[in-house]
Structures are given as C-alpha cells and as structure tokens.
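Undergrad: Sequence:
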Amino acid sequence: MHHLETAASTSLKKTVPGKAKKKLVRKLSEQKYLLLMLAPALIWAVLFAYLPMAGLYMAFVNYQPSLGDFWNSLYHAEFVGIDWFNYFFKNGDFYIIMRNTVASTMLTLLFSFPAPIIIAIAINEVKNSMFKKTVQTVSYLPHFISWVIAANIIVTVLSSDGVVNGLLKWLHLSDKSILFLQEGKYFWWIVALGNTWKEMGYSSIIYLAAISSINLELYEAAKVDGAGRFKQILYITLPHLKPTIVILLILSLGGVLNAGFDQHFLLGNGLNLEYSDVLSTYSFRYGLQNSMFSYASAVGLFNSVVAFILVVIVNFASKKLNNQSLF
Numbered sequence: 001m002h003h004l005e006t007a008a009s010t011s012l013k014k015t016v017p018g019k020a021k022k023k024l025v026r027k028l029s030e031q032k033y034l035l036l037m038l039a040p041a042l043i044w045a046v047l048f049a050y051l052p053m054a055g056l057y058m059a060f061v062n063y064q065p066s067l068g069d070f071w072n073s074l075y076h077a078e079f080v081g082i083d084w085f086n087y088f089f090k091n092g093d094f095y096i097i098m099r100n101t102v103a104s105t106m107l108t109l110l111f112s113f114p115a116p117i118i119i120a121i122a123i124n125e126v127k128n129s130m131f132k133k134t135v136q137t138v139s140y141l142p143h144f145i146s147w148v149i150a151a152n153i154i155v156t157v158l159s160s161d162g163v164v165n166g167l168l169k170w171l172h173l174s175d176k177s178i179l180f181l182q183e184g185k186y187f188w189w190i191v192a193l194g195n196t197w198k199e200m201g202y203s204s205i206i207y208l209a210a211i212s213s214i215n216l217e218l219y220e221a222a223k224v225d226g227a228g229r230f231k232q233i234l235y236i237t238l239p240h241l242k243p244t245i246v247i248l249l250i251l252s253l254g255g256v257l258n259a260g261f262d263q264h265f266l267l268g269n270g271l272n273l274e275y276s277d278v279l280s281t282y283s284f285r286y287g288l289q290n291s292m293f294s295y296a297s298a299v300g301l302f303n304s305v306v307a308f309i310l311v312v313i314v315n316f317a318s319k320k321l322n323n324q325s326l327f
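UniProt numbering numbers the first residue of the sequence shown as 1 and each following residue consecutively.
Note that these hints are calculated values from the structure, not bench results. All C-beta atoms in this analysis are idealised placements derived from N, C-alpha and C, irrespective of residue type, glycine included. Some clues are possibly wrong.
Per label pair, the in silico range of CB-to-CB distance [claimed, not checked]:
{"id": "1", "residue 1": "Ser159", "residue 2": "Leu249", "range": "30 to 38 Å"}
{"id": "2", "residue 1": "Phe316", "residue 2": "Asp69", "range": "20 to 28 Å"}
{"id": "3", "residue 1": "Ser291", "residue 2": "Ile214", "range": "26 to 34 Å"}
{"id": "4", "residue 1": "Asn91", "residue 2": "Pro40", "range": "38 to 46 Å"}
{"id": "5", "residue 1": "Ala227", "residue 2": "Glu274", "range": "30 to 38 Å"}
{"id": "6", "residue 1": "Lys176", "residue 2": "Tyr95", "range": "30 to 38 Å"}
{"id": "7", "residue 1": "Asn215", "residue 2": "Ile149", "range": "55 to 63 Å"}
{"id": "8", "residue 1": "Leu35", "residue 2": "Trp71", "range": "43 to 51 Å"}
{"id": "9", "residue 1": "Ala39", "residue 2": "Lys127", "range": "44 to 52 Å"}
Calculated cross-link-like contacts (lysine-lysine; reagent style DSBU-like; alpha-carbon spacing at most 30 Å) [what the hints assert, rightly or not]:
{"id": "10", "residue 1": "Lys132", "residue 2": "Lys231"}
{"id": "11", "residue 1": "Lys32", "residue 2": "Lys19"}
{"id": "12", "residue 1": "Lys169", "residue 2": "Lys242"}
{"id": "13", "residue 1": "Lys133", "residue 2": "Lys32"}
{"id": "14", "residue 1": "Lys21", "residue 2": "Lys133"}
{"id": "15", "residue 1": "Lys242", "residue 2": "Lys223"}
{"id": "16", "residue 1": "Lys132", "residue 2": "Lys22"}
{"id": "17", "residue 1": "Lys169", "residue 2": "Lys185"}
{"id": "18", "residue 1": "Lys169", "residue 2": "Lys231"}
{"id": "19", "residue 1": "Lys242", "residue 2": "Lys319"}
{"id": "20", "residue 1": "Lys133", "residue 2": "Lys19"}
{"id": "21", "residue 1": "Lys19", "residue 2": "Lys132"}
{"id": "22", "residue 1": "Lys32", "residue 2": "Lys22"}
{"id": "23", "residue 1": "Lys176", "residue 2": "Lys231"}
{"id": "24", "residue 1": "Lys21", "residue 2": "Lys32"}
{"id": "25", "residue 1": "Lys223", "residue 2": "Lys127"}
{"id": "26", "residue 1": "Lys127", "residue 2": "Lys19"}
{"id": "27", "residue 1": "Lys90", "residue 2": "Lys21"}
{"id": "28", "residue 1": "Lys32", "residue 2": "Lys127"}
{"id": "29", "residue 1": "Lys231", "residue 2": "Lys242"}
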C-alpha cells in the first residue's frame, strides 16, 4: 500500500508541471495578438532603458573620452571603485547641492501635490458644462508650453517693471522693485510656484478620472441624509480618491531628489547659483561643461539609487499604515 501511494505521488508530481506548462502555452497562444502589440514597447524599453544601464560602469572608472570606440575606451579605463562617490560626499558642494535639491522638491511638493486635487474637486462641482470645459482647457495649457517659454514668462512677470513688482507698488507693499531672480532666497519659492502653475491642471486629469468612477447614488443618498456639498466632498469624494492620492504620493516622494533640470537651468544664474544649483544641473555642469564624465555619472547614479530606496520605503510604510501600495 505504501509503495502504491509513493508511486501515485511521484506520478502526480510529474504530471502537474506538465499540465502547468501546457496551460501556459495555451494562454500565450490565446493572447498572441496582445503580446504582438506589446512587443514594440518591450523592444523600446530594452533598447532605451536597460541597455544604456551598461554605461553606469562609467561611475566606477576614470573615463577619458578618446577619438576611438566609446565602449573600448570605457571598458579599458582605469577602475577607481567608489572614489568618485567619496569625492562627491567629501567636497564642499555636497551639502549645498543636497540642500537645494531637497528644499526645492519639497516646496514644489507642498504646493503642486494638493493643487490638482483641489482643482479636480472644484471642476467636478461646477454644473455649467461650458464653463467647466473652459476652465479645464485653460488649466491644461501651461503643461503643453515648453520650459523655455514658461521660464521667459516667469522672468518677464518677475522683472523690475513686471506685473508682480507693479502690483506690490500699487498695493504699497514695496517702495522699490524687488529683483526676485537675483536674490537666492526667493528662488525655491519661484520654482515651486512655477512648477505648480505649469502642471496642476494637467495632473488633475487623473483625479477627475477617479472622481468620474464614483457611484452617483452615493451622492444622492448623502443628499437625502441632509449632507451639503462640503460634506459630500469630505465623506464621499476624498475617501474614494484616497487610493489614487496614495499611489501618486509614493511616486512623488520617490522623486524627491529629482528637482527638475529645465526650470533650474533656465531660471538659475550666477547671482542665485548658491540656491539654484541642484543634482541635475550640477551633474550637467561637471559632465558636459567640465568634461568630468565619470564624476557626473556617479552623481546621477547616487540620485537614482536614493530615489529607488525612497520609493521602496514609502511604499512599505504606506502598505503597513493604509494598506495601499504601488507594488
């Protein structure tokens, strides 16, 4: 009897993997057209996201560009280990660069994260469809303007004879023009408000989509119970937006060291460099302008590793506290 049970168990172990394999093949066959549609995106990801990661080796060598083959120059360069990382951590720039990056990003997050939520809820509450479409269109437009144009608009508005200085004088809040972009103490606030103005309308699309999926019967039931618009937002809209808010917050906190290159490069100048220089502009300056390619690669890799760790930590904390997570 024991031998029969053992034989049956062995036979079952052999057949189960076979059945699973056949099931997988059948499933792939049924979804072959979907897989074919996915192929271009997969090829793009491999070519432009994964293969270039081989260049991360540059952060660990003393790379010197030559007229020969790039890969040959890279893999025959002197291996220096983590010397470039030590140089970045120990020189006097590290504190200033990290301070600027974190301060600028957190201020941007403080303004730009709640703004799309507020706009989405406000637009949803508007009953006039024509006015709603107009507000949506106007709020989306800045997203489609390049940072080159947006930076010029900001510079013009904040110039000595611009709208902001004119308004401050008219309200008697200032007797003379304030040179906003020549004083570093204003720079983080300018970038934060500029980022918010440019992206809040477009970012609200995600929240509007989430709001549109809420069952309207919940609002009708709330009205019957005597709930006004504010209570409907508080007890119906916001709780249903919570999963979306948590996911986007995780992604935002993961990019806390990604302060943005364009706005800092275009709005920064020699007078506010102590406040405008962030990781992205710092690595650009040393990599392309000073030809310290390995050093710039080390700074960029440090940025990516910290961002990844932050995403994992915030995702884990969110999963434990709210049972909401990205993965």
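Undergrad: Each hint needs a verdict: does it hold in this structure or not?
TA: Hints versus structure:
Distance hint check for Ser159 and Leu249: the Cβ-Cβ separation is about 35 Å, which falls inside the suggested range of 30 to 38 Å. A beta carbon spacing of about 43 Å between Phe316 and Asp69 contradicts the range 20 to 28 Å that was offered as a hint. The beta-carbon spacing between Ser291 and Ile214, approximately 55 Å, falls outside the hinted interval of 26 to 34 Å. Evaluation of the 38 to 46 Å hint for Asn91 and Pro40 yields a pass: the beta carbon distance comes to about 44 Å.
Restraint check, Ala227 to Glu274: a C-beta distance of roughly 52 Å breaks the suggested window 30 to 38 Å. The hinted range of 30 to 38 Å is satisfied by Lys176 and Tyr95, whose Cβ atoms lie roughly 33 Å apart. Against the hinted window of 55 to 63 Å, the Cβ-Cβ separation of Asn215 and Ile149 comes to about 42 Å, which falls outside the hint. Separation of Leu35 from Trp71 is about 32 Å and departs from the stated range, judged on CB atoms against 43 to 51 Å.
Checked against the hint of 44 to 52 Å, the C-beta distance between Ala39 and Lys127 comes to roughly 46 Å, which is consistent with it. A threshold of 30 Å between alpha carbons decides the hint, and for Lys132 with Lys231 the separation of about 22 Å falls inside it, so the pair holds. Under the criterion of a C-alpha separation no larger than 30 Å, the hint pairing Lys32 with Lys19 is consistent with the structure, at around 20 Å. A hinted pair counts as satisfied when its Cα atoms are at most 30 Å apart, and Lys169 with Lys242 does not qualify at roughly 43 Å.
For the given pair, Lys133 sits about 40 Å from Lys32 by alpha-carbon distance, which is inconsistent with the 30 Å threshold. Our distance criterion of 30 Å between C-alpha atoms is broken by Lys21 and Lys133, whose separation comes to about 52 Å. At roughly 22 Å between alpha-carbon atoms, Lys242 and Lys223 fall within 30 Å of each other, so this suggested pair holds. Restraint check for Lys132 and Lys22: the C-alpha separation of about 53 Å exceeds 30 Å, so the hint is violated.
Pair hint Lys169 plus Lys185 holds up; C-alpha atoms about 20 Å apart against a cutoff of 30 Å. With a C-alpha separation of about 41 Å, the suggested pairing of Lys169 with Lys231 is violated against the 30 Å cut-off. Distance restraint check for Lys242 and Lys319: the Cα-Cα separation of roughly 13 Å lies within the 30 Å cut-off, and the hinted pair is therefore satisfied. Of the pairs offered as hints, the one joining Lys133 and Lys19 is violated, with about 54 Å between alpha carbons and a cut-off of 30 Å exceeded.
For the suggested pair Lys19 and Lys132, the alpha carbons sit about 55 Å apart, so the restraint of at most 30 Å is broken. Only pairs whose Cα atoms come within 30 Å are accepted, and Lys32 paired with Lys22 is accepted, the gap being roughly 15 Å. For the given pair, Lys176 sits about 46 Å from Lys231 by alpha-carbon distance, which is inconsistent with the 30 Å threshold. At most 30 Å may separate the alpha-carbon atoms for a hinted pair to count; Lys21 and Lys32 meet this at roughly 16 Å.
Taking the CA atoms of Lys223 and Lys127, the gap is about 16 Å. The hint holds against a cut of 30 Å. Straight-line distance between C-alpha atoms of Lys127 and Lys19 comes to about 57 Å, which puts the hinted pair past the 30 Å bound. Our distance criterion of 30 Å between C-alpha atoms is broken by Lys90 and Lys21, whose separation comes to about 54 Å. Between Lys32 and Lys127, the direct Cα distance comes to roughly 45 Å. Violation of the 30 Å bound is thereby established for this hinted pair.
Distance restraint check for Lys231 and Lys242: the Cα-Cα separation of roughly 16 Å lies within the 30 Å cut-off, and the hinted pair is therefore satisfied.
In this structure, the hints that do not hold are numbers 2, 3, 5, 7, 8, 12, 13, 14, 16, 18, 20, 21, 23, 26, 27, 28, in rising order.
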